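*Asks:* Assemble chain Z onto chain D, guided by the hints.
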Amino acid sequence: MTNVKVNSVAKTYGTTPVLADITTEFADGSFTSLLGPSGSGKTTLLRIIAGFIKPDQGLVMIGNNDVTDVPVWGRNIGMMFQSYALFPHMTIAQNVAFGLERRGIRGAEARRQVDRALEMVRLPGFGDRTPKQLSGGQQQRVALARAIVIKPSVLLLDEPLSALDRRLRQEMQVELLRIQRESGLTTIFVTHDQEEALTLSDKVAILDKGRIVQIGEPETVYEKPLTRFSAEFLGDSNFLTGAVEDGAVRLADGSLIKSTSILPATGSTVTLAIRPEKMAIASGSTAENSIKARITTVIYAGPVLSYHLETADGLPLKLFAQNRDGTVLKEGDEISLTWSAQHTVAVAD
Amino acid sequence: MRNDQLTLAPARGPSGPRNGRALPPWVSTTALLMPTYGWLTIAVFLPLLTMFAFSFLSATPMGKAPIVFTLKQYRAFFDQPYLVGIGITSLLIGFWTTLICAILGFLAAVALVRSTFGKTREMLLILILLPFWTNGLVRVFSWTMVLRENGFLDSLLHMVAPDAGSIGFLYTRYAIVVGLVHGYLPYMILTCYIALVTIDDAIIEAAASLGARWWTILFKILLPLAAPGLISGAVLTFVPVIGSFMEPRILGGRVGVTMGTVIEDQFTQAFNWPLGASLSFTLLAVVLAIFATFSGVLRRGTAA
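Protein chains in written order, with the numbering used here: chain D, 120 to 468; chain Z, 287 to 590.
This is chain D alone, in the form it adopts within the complex:
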């Protein structure tokens, strides 16, 4: 049971800064996702915690130990890779026992622990098979068993589900979460799949250009994005820009938009983010905010209808509507969108 801390960790390759002064803590037993586009530094951060990359500066703490100078093999980490990375020349049982052997656990005790780990990932009796005889999902379960059997201080997952197809991925998400909860392992999960990050994590950290732009509970990060980047990267967002006036925001077309966010001083420019599913098509009632727009594209996806719209000023907007009564609006329809002030979030650019 351990927490993980990184303290002003930075890494530069040549002249390209990959990580710029990252300080954060992963609480004991928590499940944190590092989410970001490729090149955001999320994998580099994970590999620095694992010990595969030495940071140019900063500290890595696992529990109360400064492991910055401890090599990978001495850090007691459990790791899962996108490519499964099972040892192809060993049986499943030998794969799972590999880490135990390194810790001097052999014979009957090792067999008992291997069996228990394989049971945990629901592959009992698979010990004598070879990795080649297993499906992708099964191989990934073995990789998980191999990582947890050594009772690691921290479980590091490097996009482990990316190579699986959609169905299997969802199944593995459930398994992963169950096993993480049962084992109580501090888990750090790198992914570029935002839905996966929201579903699995206690905390989501959004990385961009080597910095953590926002870290928090999934609901907070999704509902109250701090920057335009988080609002855009995690889910979809509409952005309105205007000048602050009387505790509201005056748009270019003259309409006044209310927000419950703390706004900057009167006169300064501010960007507001509104989630497309928080907007509704006006039906007579007057919500706090509204804007007129014309439909340019209709995407019919069954339960959800998504409309692409354009305001008179040419500003693109998106609207997600539940398909409640089966009516589908057409391209070219002029509609009025309404939404509430509490769903209008001021974000930094």
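Quick caveat, the hints were computed from the structure, so don't treat them as lab data.
There could be a bad hint or two in this list.
[Stated by the list, open to error] Capping the alpha-carbon separation at 25 Å, the derived lysine-lysine pairs in DSS-like fashion look like this: (1) D:LYS411 to D:LYS449; (2) Z:LYS506 to D:LYS270; (3) D:LYS124 to D:LYS411; (4) D:LYS251 to Z:LYS506; (5) D:LYS449 to D:LYS437; (6) D:LYS449 to D:LYS397.
None of the values given here were measured: they were computed from a predicted structure.
*Replies:* Same frame as chain D, now just chain Z:
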């Protein structure tokens, strides 16, 4: 789909109209294999068969002596027992050369794969291939310059310790092995390199994350996974080495009598082709027997 197009292509011709009649697949298969098998037949199978036939003759069929079919050439090892000793020498030289090549070649390949990238790696690979580009005779003779008394090796030693004696070991079996290792090491490095370069980095990282240090990774992960490369490298080294005659002759001097040199003598000096042929095939049989004995062990080693 692709198969059909292939078979149709010659029927269509460069300008002629397409006659629409597809040739059966075996025709194109045969046509494509013909050049290779034709060449192998002319260049390998026929000479080998001729040699095999020669090995049953009583004398080289070029003089006036009457020729009869006989098995006596295959009795050479019984009639001339000293040949057994020479055979064992050859096998020992083959064994040591292969073993040294395997150790050096595997480690060199590991170093190439694990610690070099891009241009550096290309350069090192070219340097490794250099022995292939130099004439074998030049390569072997240059070793005599190094290994002889007061040669390059001695000069180096005398720079450090002027009063030391000679450590030149030209005209010993060690010299033969050194020359052979130099000549055949590239095969081993390349076959190991090919086996190692396909290993996913994540596999090695996974081992490290589970607590494996470098020697565990080397012996428990890299070595077993490179076993196919090591085995093919060993075969590529062992077979030509036990039949080699140039290195033993030049670097071995008086002690450089091996099966290779004996066989060569039968062809070039003694003009006894049938004996040379029978010794060659005996050697081939021994090599095949060795591989047959070990193939089971090796296969188990790679499959596990």
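*Asks:* Taking the hints in turn, state whether each one holds.
*Replies:* For each hint, the structure was consulted:
A C-alpha spacing of about 15 Å is found between LYS411 of chain D and LYS449 of chain D, which places the hinted pair at or below 25 Å, so the restraint holds. Among the hinted pairs, LYS506 of chain Z with LYS270 of chain D is consistent with the structure: their alpha-carbon atoms are about 22 Å apart, no more than 25 Å. Straight-line distance between C-alpha atoms of LYS124 of chain D and LYS411 of chain D comes to about 48 Å, which puts the hinted pair past the 25 Å bound. Among the hinted pairs, LYS251 of chain D with LYS506 of chain Z is consistent with the structure: their alpha-carbon atoms are about 18 Å apart, no more than 25 Å.
For the hint pairing LYS449 of chain D with LYS437 of chain D, the CA-to-CA distance comes to about 14 Å; that is within 25 Å, so the pair holds. For the given pair, LYS449 of chain D sits about 20 Å from LYS397 of chain D by alpha-carbon distance, which is consistent with the 25 Å threshold.
Hint violations for this structure: number 3 only, all remaining hints satisfied.
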